[in-house]
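Engineer: Let the sequences and hints guide you as you build the complete structure.
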Amino acid sequence: MADLVERVITKFCVDHPKRNLLAFVYGHLGQHDLLRARTDAGKCLMLACLNLVECEAYIGAQ
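In terms of numbering that gives the first Met the number 0, the sequence shown opens at residue 0 and continues consecutively.
There may be inaccurate statements among the hints.
Stated by the list, open to error - Below, in silico cross-link-like pairs of lysine to any residue (SDA-like), each with a Cα-Cα straight-line distance of 25 angstroms or less:
#	residue 1	residue 2
1	Lys42	Gln61
2	Lys17	Leu46
3	Lys17	Ala47
To be verified - Quick list of the computed label-pair ranges, beta carbon to beta carbon:
#	residue 1	residue 2	range
4	Asp2	Gln61	29 to 39 angstroms
5	Ala1	Ile58	26 to 36 angstroms
6	Gln61	Asp32	32 to 42 angstroms
7	Leu46	Thr9	28 to 38 angstroms
8	Gln61	Ala1	31 to 41 angstroms
9	Asp32	Val4	12 to 22 angstroms
10	Gln61	His31	26 to 36 angstroms
11	Ala22	Ala60	14 to 24 angstroms
For the record, the hints were derived by calculation from the structure and aren't laboratory data.
All C-beta atoms in this analysis are idealised placements derived from N, C-alpha and C, irrespective of residue type, glycine included.
Structural biologist: Next up, the structure:
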């Protein structure tokens, strides 16, 4: 099951239209240990960052 999850995440990242921005966001969140999202504030911050990347990808596709 973990292998399937890893493949889906990899495919999402590789096929993403803004993969450089996505990599930057994941890298920055990882550097500051925010990918674990241990608190509600951490979860909101992580989701907000990823949502901004998705908004940028959507606008770029228009």
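Engineer: Decide, hint by hint, whether the structure agrees.
Structural biologist: Do the hints match the structure? See the list:
Note on Lys42 and Gln61: the hinted pairing is violated, with a Cα-Cα distance of about 29 angstroms set against a maximum of 25 angstroms. With a CA separation close to 16 angstroms, the supplied pair Lys17 and Leu46 stays within the 25 angstroms bound. A hinted pair counts as satisfied when its Cα atoms are at most 25 angstroms apart, and Lys17 with Ala47 qualifies at roughly 16 angstroms. One distance hint, 29 to 39 angstroms for the beta-carbon pair Asp2 and Gln61, holds here, with the actual separation near 35 angstroms.
At about 34 angstroms, the beta-carbon gap between Ala1 and Ile58 stays in the expected band of 26 to 36 angstroms. Against the hinted window of 32 to 42 angstroms, the Cβ-Cβ separation of Gln61 and Asp32 comes to about 35 angstroms, which satisfies the hint. Remark: the range hint 28 to 38 angstroms for Leu46 to Thr9 is contradicted by a beta-carbon distance near 21 angstroms. Judged by the Cβ atoms, the range 31 to 41 angstroms given for Gln61 and Ala1 holds: they are separated by roughly 36 angstroms.
In this structure, Asp32 and Val4 meet the distance hint of 12 to 22 angstroms, their C-beta atoms being roughly 21 angstroms apart. A beta carbon spacing of about 31 angstroms between Gln61 and His31 agrees with the range 26 to 36 angstroms that was offered as a hint. The supplied range of 14 to 24 angstroms is met by Ala22 and Ala60, whose beta-carbon atoms lie about 18 angstroms from each other.
Of the numbered hints listed earlier, those contradicted by the structure are 1, 7.
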